[in-house]
Structures are given as C-alpha cells and as structure tokens.
Amino acid sequence: DVKVTQSSRYLVKRTGEKVFLECVQDMDHENMFWYRQDPGLGLRLIYFSYDVKMKEKGDIPEGYSVSREKKERFSLILESASTNQTSMYLCASKRSNTEAFFGQGTRLTVV
Amino acid sequence: QKEVEQNSGPLSVPEGAIASLNCTYSDRVSQSFFWYRQYSGKSPELIMSIYSNGDKEDGRFTAQLNKASQYVSLLIRDSQPSDSATYLCAALVRGAGSYQLTFGKGTKLSVIP
Chain A
3 DVKVTQSSRY LVKRTGEKVF LECVQDMDHE NMFWYRQDPG LGLRLIYFSY
53 DVKMKEKGDI PEGYSVSREK KERFSLILES ASTNQTSMYL CASKRSNTEA
103 FFGQGTRLTV V
Chain B
1277 QKEVEQNSGP LSVPEGAIAS LNCTYSDRVS QSFFWYRQYS GKSPELIMSI
1327 YSNGDKEDGR FTAQLNKASQ YVSLLIRDSQ PSDSATYLCA ALVRGAGSYQ
1377 LTFGKGTKLS VIP
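Going line by line, the protein sequences match chains A and B. If you count the first sequence from 1, you need to add 2 to reach my numbering. If you count the second sequence from 1, you need to add 1276 to reach my numbering.
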C-alpha cells in the first residue's frame, strides 16, 4: 500500500513564526502536492513538485514556499505564519498520469 | 471558467436510491479524471478513475465520461448511509513542467435512512 505520512496531525503556532510541514511518501512517486482545504473553498493547490528540486506554483502560493531535496520528502514552509493561514493542509503524491494518494492531513491553527 | 466545477449541494437521497454527482471541466483539462470521497475530518480517498469516454463500473459505483459535453459523473447505486460524505471531482491540468491535480469544490451527499 502507498503510504503518505505528514509529520503532524495538529499544530498550533504563533503569528510571525516560521512553520515547517513535512510530508514523506514511500512509493517513489515523482509528483508531490501541497493543498489547503477550507470550508466552502474546497481543496486549493499551493505548490507542487514533479521532480527533486523542481517546483511549480499552484493557485495560492503567496506566503508559502516549498523544498524538495529528496524524492520522498516534500516540505511546505510558512515563512511568517499569519492567522489567515489557519487551515487543514493536505499532502499528496502520485506517479505521472495516475491517481494521487493523500496523507492524513495537518490541522494548523495560527494564534 | 474554473478548470473543474461541481455543484456544492447538499444532495440528499433516500437509502437504496441512486445518487448522481456531476462535474464539468474546461478545455485546459487533460482526459484523466478521478472521484474521491472525503468523510468529515478525514483526508480524501480515491473511489474511481476514468480515462476514456464511456462508463466504468466498480461495484455500486459507475463513473461516466462524456468528452463532447465536457462532463464527468459518478453514480452510486443502492445508496447507503455510509456513503454520506463529500465527493470530490479531480482532473489533471497541464502546468509548465508537469500535470497538476486540480479539484472541484466537492458535493456533499447525505443518504437518509
């Protein structure tokens, strides 16, 4: 079975902190994604990566950056957390042109 | 037009009925489509994928793709209360370097016992 693991299930951070969300997959997938999910807005793509050190902006990249130094790991970085970044964050991975598998999600609260 | 659009619902059907969920897509979308189910507080899980025109059946679920009309649908036969969830339609959209996976906002389904 494909396994996508996010480092934390719940996180509480203070405004202005630098926040790291980690995602690891064990199936050698080329593509990895970071989404945030908010009520009424659905899943919105923040960034995705199609290879090591390669990244593309999604629909809402402002306030975020990403890092992919190894194929299995994709990190989402909030440079200076703000309250409007309180959300559920979901990581996914996939092979080209196939379905994506999701991690369990990280519910981030910024206070 | 957004790449993938769904009616947000909610959609209510009685137990045992057929639930019909629909999704339309724009010209930017490739021909790979996916249906995910998401229970409250959980992450999405794949139900069906469909790549070619026509119907694809898996148990109580049937995915339908109509390229001419640019829509994809999911039918759930003999709906059960355990099918109550949000259903997400997703498609691959070509980016600069690869395909990104884009989702509709989801349709909330309630199956009434």
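Everything labelled a hint here was simulated from the structure, so no lab data went into it. Be aware that one or more of the hints could be misleading.
No more than 30 Å apart at the CA atoms, straight line, and that leaves these computed lysine-lysine pairs for DSS-like [what the hints assert, rightly or not]:
#1 Lys1343/B to Lys15/A
#2 Lys1381/B to Lys57/A
#3 Lys1381/B to Lys59/A
If you want the ones that stay clear, here's a sample from chain B, every Cβ over 10 Å from chain A, calculated [as the list claims (entries may be wrong)]:
#4 Pro1286
#5 Asn1298
#6 Thr1300
#7 Ser1306
#8 Ser1308
#9 Lys1318
#10 Ser1319
#11 Pro1320
#12 Glu1321
#13 Gln1340
#14 Arg1353
#15 Ser1360
#16 Ala1372
#17 Leu1377
#18 Lys1381
#19 Val1387
Don't be surprised by glycine CBs; every beta carbon is placed ideally from N, CA and C.
Do the hints match the structure? See the list:
1. Lys1343/B to Lys15/A: violated, 46 Å
2. Lys1381/B to Lys57/A: holds, 24 Å
3. Lys1381/B to Lys59/A: With a Cα-Cα distance of about 19 Å, the restraint between Lys1381/B and Lys59/A holds, given a limit of 30 Å.
4. Pro1286: Per Cβ check, Pro1286/B is outside 10 Å of chain A; nearest 12 Å; holds.
5. Asn1298: holds, 15 Å
6. Thr1300: holds, 15 Å
7. Ser1306: violated, 8 Å
8. Ser1308: violated, 6 Å
9. Lys1318: Violated, since 8 Å does not exceed 10 Å.
10. Ser1319: violated, 4 Å
11. Pro1320: About 5 Å separates Pro1320/B from the closest Cβ of chain A, which leaves it inside 10 Å; violated.
12. Glu1321: violated, 7 Å
13. Gln1340: holds, 17 Å
14. Arg1353: holds, 22 Å
15. Ser1360: holds, 17 Å
16. Ala1372: violated, 6 Å
17. Leu1377: violated, 5 Å
18. Lys1381: violated, 3 Å
19. Val1387: holds, 21 Å
In terms of the numbered hints stated before, the structure departs from hints 1, 7, 8, 9, 10, 11, 12, 16, 17 and 18, listed from lowest to highest.
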